[in-house]
Amino acid sequence: MKTLKVFGSLVKDAFLEVTHGSKSYHIWMAVLSFIMLFGMYNYSIQLEEGLSATGMTDRVSWGLYISNFTFLVGVAAAAVMLVLPAYVLKNIDFKQAVLIGEGLAVSALLMCLAFVVADMGGPARLWHMIPIIGVFNFPNSMLAWDVIVLNGYLFINITIPLYILIMRYQGKTPNPKIYIPGVFISVFWAVGIHMVTAFLYQGLQARPFWNNALLGPRFLASAFAAGPALIIIVLAIIRKFTAFKVPDNTIKKISMIVTVAAQINLIMLISELFKEFYAPTHHSISAVYLFFGIGDKTALLPWIWTSISLNVFATVALTFHKVRSNLKLLYVLCGMLFVAIWIEKGFGLIVPGFIPGPWGKIAEYTPSLVEISVTLGIWAMGAFIFTVLAKTGIAIELGQLVYKKKK
Amino acid sequence: MSETNKKWYSLNLNQSKKSDSCGCGNNEGSCSEEKPKDGFDQIMDVSMSRRSAFKKITAGLVIGAGAVSTACSVVSGDESKEKSGIEWDEYFKGNYKLMTDEDKNKTVDRLTRSYELRTGKNLSMSSKDAEEDVLFGYAFNISKCQGYMDCVNACVEENNQDRSTEMQYIRIHEMEDGKGFNFEESDDNYYHEVPAENHFYMGTQCFHCDNPPCVEVCPVQATWKEKDGIVVIDYDWCIGCRYCMAACPYDGRRFNWKTPEVPEQEVNKKQHYLGNRLRKKGVMEKCTFCIQRTREGQNPACVEACPTGSRTFGNLLDPKSNIRWILENKKVFRLKEDLGTEPKFWYYMD
Ligand code: SF4
Ligand code: SF4
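The listed protein sequences correspond, in order, to chains A and B. Once you know that position 75 of the first sequence is 75 in the numbering used here, the rest is easy, because the numbers rise by one and skip nothing. Once you know that position 184 of the second sequence is 184 in the numbering used here, the rest is easy, because the numbers rise by one and skip nothing.
Bear in mind the hints are in silico, worked out from the structure with no lab data behind them. Keep in mind that the hints are not guaranteed to be accurate.
To be verified - No more than 35 Å apart at the CA atoms, straight line, and that leaves these computed lysine-lysine pairs for DSBU-like:
| hint | chain 1 | residue 1 | chain 2 | residue 2 |
| --- | --- | --- | --- | --- |
| 1 | A | K23 | A | K297 |
| 2 | A | K297 | B | K281 |
| 3 | B | K128 | B | K81 |
| 4 | A | K297 | B | K280 |
| 5 | A | K361 | B | K179 |
| 6 | B | K331 | A | K361 |
| 7 | A | K361 | B | K225 |
| 8 | A | K2 | A | K275 |
| 9 | A | K297 | B | K179 |
| 10 | B | K336 | A | K297 |
| 11 | A | K240 | A | K172 |
| 12 | B | K179 | B | K280 |
| 13 | B | K336 | A | K275 |
| 14 | B | K258 | A | K297 |
Claimed, not checked - Reference listing, derived: stretches of chain B covered by chain A, where coverage requires no fewer than 3 residues with Cβ under 8 Å from a Cβ of chain A:
| hint | region |
| --- | --- |
| 15 | 177 to 188 |
| 16 | 214 to 220 |
| 17 | 237 to 246 |
| 18 | 259 to 268 |
On a predicted model such as this, the values are computed, not experimentally measured, just so you know. The beta carbon of each residue, even a glycine, is placed where N, CA and C say it ideally should be.
Excised from the complex, chain A in its bound form (with noise of 0.2 Å):
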């Protein structure tokens, strides 16, 4: 009962929180607003007209949205694999790292599980996939164990970060017992949902291009670059416009993961490439489509060039210590890498899948208008969570906000 007591008034003062800030911060909701009404807008259109208002057709089938959601899958998991060295290491400077990685994990989650709902033809029939009332193909189906993980690990995610914020709202510690065990399991579990979303595409003998043992692995070292760096990034923007204190020391720190996993990353990247060119199989189609296109289909060179650069450009600058101490540099660089793995997980790992057909058909694929937007409205979504999460967490943690027993 009081914790209830405990919890309304938290929503309450979070509420106040998130709705009064700074200028900027007013325009900054003003224009997320106006991003996921557009999107919203561009959805609308979709569920009238079917997902032929997509540019997805027979030959290419999944496009924009699961790959998105592909790429996501792999920021959730990263996020929180900083919760490891914050809490078992005593590292007291990751904390804040953190709480920061969680909220990130929860916007993330749910940004994917909002493009899978985006791209399914029968939003409304949903419901099969309930266990109980449903019918749920488990354990066949990889798509049935990918609902199951990101679920448990949305609910993991939430109730951790929860509990502790609301020790400290009361002005209590929270307590070690109680948490830790979560944590440990949240970590495996994220381990998990990389090794689920991978194998759902590893899985398929239709498709060479991800049937490929690598995959999996390929996964966790991207999104172990791709997730810190957006951490670092966000950690700056907190830095500079709250009171919210992240000594350099935290980000260098992330740093070193970043580079680690990068370096990891792009060794594997070597790996495929040479299997895929050195003795080139019937196979290999995809992989040429995708890095120098066949005849007049060209469409994913620009992107996948452009992401091969950056990736690598930054790996290199990263290994430099010098480089990567100059926080200014850093910053850029874990943006430049963060687009690269976003393309390079994203549309140079699914479109390429579908191309060339099972019969050999290549049939590009350029997402529709309607998908863009809808893609768009889906991210301004998940920066607006996290913005309401991150600013509720970080006034708890400064102590602006606590709880007050009435009398």
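Once you have looked at the hints, place chain B with the ligands on chain A.
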């Protein structure tokens, strides 16, 4: 299917084949669990009432709000009341695969009635199950096919495919002589007079794999293999995720990207629930070996329409069938056999 009545060479991947006939995994003796139960009993061991409870809870929610308000309204006429009642029941019905015979009949009645309410025309819809000792297979004679595409047109008409996007289940690949089976360079979308000189033709469609990857991946079991080997889709259970499409190595599946359009006078009114009944937007569909015809003992429309006799369809378990004769006497092969999907669709040459 047990190994003994397997009628073709198969890739031995040491996979234990699941038995089709008995869900309990007990192949010796008879199968005890024969009483047809609701699927939710079979799968989750809970009674149907859970979904009815869900139905009631959702009653207040947006999705059904319109339907309910019409159903309870005093002003609207009986017909529109009946219509929304049907919509309501259709929305909450279960997966066809797991329905009792009674439920199957009910949904078929609802669908035919709703068509009548909408258009004033009657149609006949069957829910006939697979027959015993039947396993359908298909053979295609590459030497005979001339690329006339009569099969494609017959298929579109028979199966009520969307006319506006020209959806076709069958693709005919035109290949150049001397290049072998070169699908990459073949043309599956030609508009010239056939047979073109120095070319040969090869048709593909859903191969009704015996080990279908599309079925494994479906998150809601909206697609499955029937006992007579036909891989079907429950159009009302499919949520449109298109995972099955990504999993099919043979380009066998088609998706309704928009609401399919079939002019009323062209609708084939002889339908099967799992076959050619009218689809809606956002669901998957594909060749069903013309289930509405073949379960009545007829040939599929493509076989009947083919002027050259390249297409043979029949029961693989019947030793006297034409298809068995072809499998035993011709040098047959299947496509992408290395994937272990075991298509029930063979090619051969004279
Ligand atoms: S051909 Fe494709 S759609 Fe047909 S059964 Fe095989 S995998 Fe499924
Ligand atoms: S599109 Fe339909 S049939 Fe195919 S996997 Fe998804 S729910 Fe199943």
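Each hint, compared with the structure:
Restraint check: the Cα-Cα separation between K23/A and K297/A comes to about 47 Å, which exceeds 35 Å; the hinted pair is violated. Restraint check for K297/A and K281/B: the C-alpha separation of about 30 Å stays at or below 35 Å, so the hint holds. In summary, the hint linking K128/B to K81/B is supported, as the alpha carbons are separated by about 30 Å, within the 35 Å threshold. Between the alpha carbons of K297/A and K280/B the distance comes to roughly 33 Å, so the proposed pair stays at or under 35 Å and holds.
Pair hint K361/A plus K179/B holds up; C-alpha atoms about 17 Å apart against a cutoff of 35 Å. With a C-alpha separation of about 28 Å, the suggested pairing of K331/B with K361/A holds against the 35 Å cut-off. In summary, the hint linking K361/A to K225/B is supported, as the alpha carbons are separated by about 28 Å, within the 35 Å threshold. At most 35 Å may separate the alpha-carbon atoms for a hinted pair to count; K2/A and K275/A exceed this at roughly 61 Å.
Taken as a hint, the K297/A and K179/B pair is honoured in the structure, with Cα atoms around 23 Å apart against an allowance of 35 Å. A C-alpha spacing of about 26 Å is found between K336/B and K297/A, which places the hinted pair at or below 35 Å, so the restraint holds. As the CA atoms of K240/A and K172/A are separated by approximately 28 Å, the hinted pair is consistent with the 35 Å bound. Distance restraint check for K179/B and K280/B: the Cα-Cα separation of roughly 41 Å exceeds the 35 Å cut-off, and the hinted pair is therefore not satisfied.
Between K336/B and K275/A the CA atoms are separated by roughly 22 Å; this keeps the pair inside 35 Å, and the hint holds. Between the alpha carbons of K258/B and K297/A the distance comes to roughly 26 Å, so the proposed pair stays at or under 35 Å and holds. For the region 177 to 188 of chain B, the proposed coverage by chain A is satisfied: 5 residues have a C-beta within less than 8 Å of a C-beta in that chain, meeting the threshold of three. Coverage of the region 214 to 220 of chain B by chain A holds. Counting CB-CB distances below 8 Å, 5 residues qualify, and the rule asks for three or more.
With 9 residues having a Cβ less than 8 Å from any Cβ of chain A, the region 237 to 246 of chain B passes the three-residue criterion, so the hint holds. Counting residues of the region 259 to 268 of chain B whose CB lies closer than 8 Å to any CB of chain A gives 1, so the stated coverage by that chain is violated, three being the minimum.
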